[in-house]
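Enquirer: Take a look at the letters that make up each chain.
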Amino acid sequence: MHHSDEIDPLLVHLQRDARLSPEALATMTGGDADEIARKISAWEESGAILGYHTVIDSSKAGGAAVRAHISVDLRPEDGHGFDRLAARIARFDEVKDCFLMSGGADLVVVVEGASLHEVAQFVAKKLSTMDGVERTMTAFQLGGYKQNGFLAGSGMDEDRLAITP
Amino acid sequence: MSESDPSSESENCVSDRISQIVRDIPRSGIRDFFELVQAKGDVISLGVGEPDFSTPWHIREAIIRSLERGQTSYTSNLGMPKLRELIAEYVESFFGVKYDAKEEVIITVGVSEALDLAFRALLDPGDEVIYHEPCYVSYSPTIVMAHGRPVPVATRPEDGFSLRASDVASAISEKTKVVVLNFPTNPTGAVQPLAELEAIARLIVKHDLFCITDEIYSELRYDIQTGDPHVSIASLPGMRERTILLHGFSKAYAMTGLRLGYACAPHAIVEAMMRIHQYSMLCAPITSQVGAIEALENGAGPVEEMRKSYEVRRNLFLQGMKEIGLPCFTPGGAFYAFPDIRKTGLSSAEFCVQLLEEENIAVVPGSAFGATGEGFVRCCYATAPDLLEKALDGIRRFVASRS
Numbered sequence: 001m002h003h004s005d006e007i008d009p010l011l012v013h014l015q016r017d018a019r020l021s022p023e024a025l026a027t028m029t030g031g032d033a034d035e036i037a038r039k040i041s042a043w044e045e046s047g048a049i050l051g052y053h054t055v056i057d058s059s060k061a062g063g064a065a066v067r068a069h070i071s072v073d074l075r076p077e078d079g080h081g082f083d084r085l086a087a088r089i090a091r092f093d094e095v096k097d098c099f100l101m102s103g104g105a106d107l108v109v110v111v112e113g114a115s116l117h118e119v120a121q122f123v124a125k126k127l128s129t130m131d132g133v134e135r136t137m138t139a140f141q142l143g144g145y146k147q148n149g150f151l152a153g154s155g156m157d158e159d160r161l162a163i164t165p
Numbered sequence: 001m002s003e004s005d006p007s008s009e010s011e012n013c014v015s016d017r018i019s020q021i022v023r024d025i026p027r028s029g030i031r032d033f034f035e036l037v038q039a040k041g042d043v044i045s046l047g048v049g050e051p052d053f054s055t056p057w058h059i060r061e062a063i064i065r066s067l068e069r070g071q072t073s074y075t076s077n078l079g080m081p082k083l084r085e086l087i088a089e090y091v092e093s094f095f096g097v098k099y100d101a102k103e104e105v106i107i108t109v110g111v112s113e114a115l116d117l118a119f120r121a122l123l124d125p126g127d128e129v130i131y132h133e134p135c136y137v138s139y140s141p142t143i144v145m146a147h148g149r150p151v152p153v154a155t156r157p158e159d160g161f162s163l164r165a166s167d168v169a170s171a172i173s174e175k176t177k178v179v180v181l182n183f184p185t186n187p188t189g190a191v192q193p194l195a196e197l198e199a200i201a202r203l204i205v206k207h208d209l210f211c212i213t214d215e216i217y218s219e220l221r222y223d224i225q226t227g228d229p230h231v232s233i234a235s236l237p238g239m240r241e242r243t244i245l246l247h248g249f250s251k252a253y254a255m256t257g258l259r260l261g262y263a264c265a266p267h268a269i270v271e272a273m274m275r276i277h278q279y280s281m282l283c284a285p286i287t288s289q290v291g292a293i294e295a296l297e298n299g300a301g302p303v304e305e306m307r308k309s310y311e312v313r314r315n316l317f318l319q320g321m322k323e324i325g326l327p328c329f330t331p332g333g334a335f336y337a338f339p340d341i342r343k344t345g346l347s348s349a350e351f352c353v354q355l356l357e358e359e360n361i362a363v364v365p366g367s368a369f370g371a372t373g374e375g376f377v378r379c380c381y382a383t384a385p386d387l388l389e390k391a392l393d394g395i396r397r398f399v400a401s402r403s
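Residue numbers (the numbering used here), protein chains in the order written: chain W, 1 to 165; chain X, 1 to 403.
Lysine-lysine pairs mimicking DSS-like chemistry, simulated, CA-CA at most 27 Å apart: (1) K390(X) with K343(X); (2) K390(X) with K60(W); (3) K39(W) with K308(X); (4) K390(X) with K322(X); (5) K308(X) with K146(W); (6) K206(X) with K175(X).
Hints listed in this document are in silico derivations from the structure and should not be mistaken for laboratory results.
Treat the numbers as computed from the prediction; the structure is a model and nothing was measured.
Take these sequences, add in the hints, and give me the full structure.
Expert: Now the structure itself:
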């Protein structure tokens with residue numbers, strides 16, 4: 001896979017709005033729609049594009065899920081370091097994000113469940129009992145101000161006149 | 001109201017005694033239209049002359065901190081020394097013209113104030129000022145209020161509303177004192193080809209005129225990889241000593257309501273402008289000056305992000321115009337498109353009023369920007385892409401029903 005310092009502008013547009021069609025992207029960037037469709041397929045195949053999702057503010061959408069950010073200390077394995085264990089943890093459906101970190105804890109795992117109880121059960125029964133997991137520290141998310149680059153709350157923070165010179 | 005109504009009588013009496021100069025200034029066409037739009041709710045507006053972004057957060061944050069620290073005093077008449085230094089550095093790197101931060105930079109309440117100061121500093125009664133039309137609404141009245149005589153020169157759609165040096169030459173008389181340029185242009189989005197700019201500079205030097213160049217949209221240039229980079233007339237040979245370069249923070253940094261502009265010019269001109277400014281405005285608001293310092297120190301990234309976003313929306317809008325069948329030249333800057341609506345058989349004012357009534361979409365009649373804007377409408381595409389799509393759908397229906 002080719003890596004350069006600058007991210008392709010098409011990916012920047014798609015990251016902001018994944019619904020943009022190749023035709024719309026072609027108009028916006030002055031490119032060719034077929035060529036853009038081919039590039040997107042290639043990114044999907046290579047995993048440069050991992051997926052598409054809708055950013056939902058659960059405080060408005062209802063059915064609020066409980067999210068916890070769990071710092072996890074791991075015992076590194078001979079020859080594998082943290083990779084094998086981290087990949088196992090990432091495979092749980094409850095785990096939404098899983099990152100290797102510098103500093104304090106080795107992993108940060110974001111877990112989502114229908115209730116506090118469900119998340120607690122996952123941590124107590126599944127995560128902390130895994131061989132190699134030394135310690136977990138669970139912090140429940142209390143509210144949200146910004147998600148995936150989108151500010152929560154009302155979109156517009158001031159009124160604009162409709163006609164100005 | 002009846003003739004005998006005493007309040008109406010005294011009102012008439014007062015309005016008769018308003019200064020003749022002010023009474024002779026026509027009401028802005030934009031203002032009339034604004035009132036129509038205000039009366040209607042829920043309008044999709046392509047009628048604004050400003051970015052749809054709020055001021056970048058880092059600038060707002062700097063402003064909040066300065067207020068918390070109690071930074072609410074007057075500043076030097078010319079503006080905060082640090083801001084003037086940053087402006088001099090920026091103007092040198094962006095326009096390639098060097099100014100002394102201590103003596104050749106004045107910070108004003110928007111470019112509008114700077115323009116007013118510049119005319120008042122340069123004009124004696126009867127002096128003529130040449131400017132290109134369609135243009136920003138304030139040029140002509142500001143010239144008149146400075147006792148000058150406005151001499152508009154028409155630009156042509158077939159030139160992409162750029163200014164022909166030959167047209168400037170024919171407008172020059174022995175009374176001409178100043179030539180005003182504004183590229184990229186509000187309302188057309190026009191940019192000026194370098195060769196014509198150079199020819200105009202030679203004319204200005206030859207006739208020993210002054211030049212006021214309103215550079216407010218200079219950062220917002222598109223197709224930069226294919227076109228000329230932005231050149232200010234101030235950087236051309238013989239021009240620095242006779243040019244007032246006007247610029248500000250409203251458009252590039254999305255700071256319209258913070259009202260901050262500046263002028264760079266030879267010391268004698270800045271000194272003259274300062275003399276008026278110190279007795280009228282005193283100084284530009286310190287809060288806005290603090291924001292401008294942050295903008296110049298850390299704002300390049302957000303400006304480029306916004307520029308890219310306007311370019312994308314310009315492309316969407318132009319594609320829409322093409323599909324609708326309204327001729328529209330490709331604007332190289334600002335955030336306006338200026339489509340030709342003559343095929344609908346409507347005047348630009350009729351087009352705007354009927355489009356507002358039938359589709360709840362606001363665009364501005366080209367005639368508000370001078371007689372030469374008739375037959376065109378100004379559309380500001382700095383609006384959310386989904387609203388832009390909705391507006392294009394509405395214009396499509398409207399134009400189809402008129403063809």
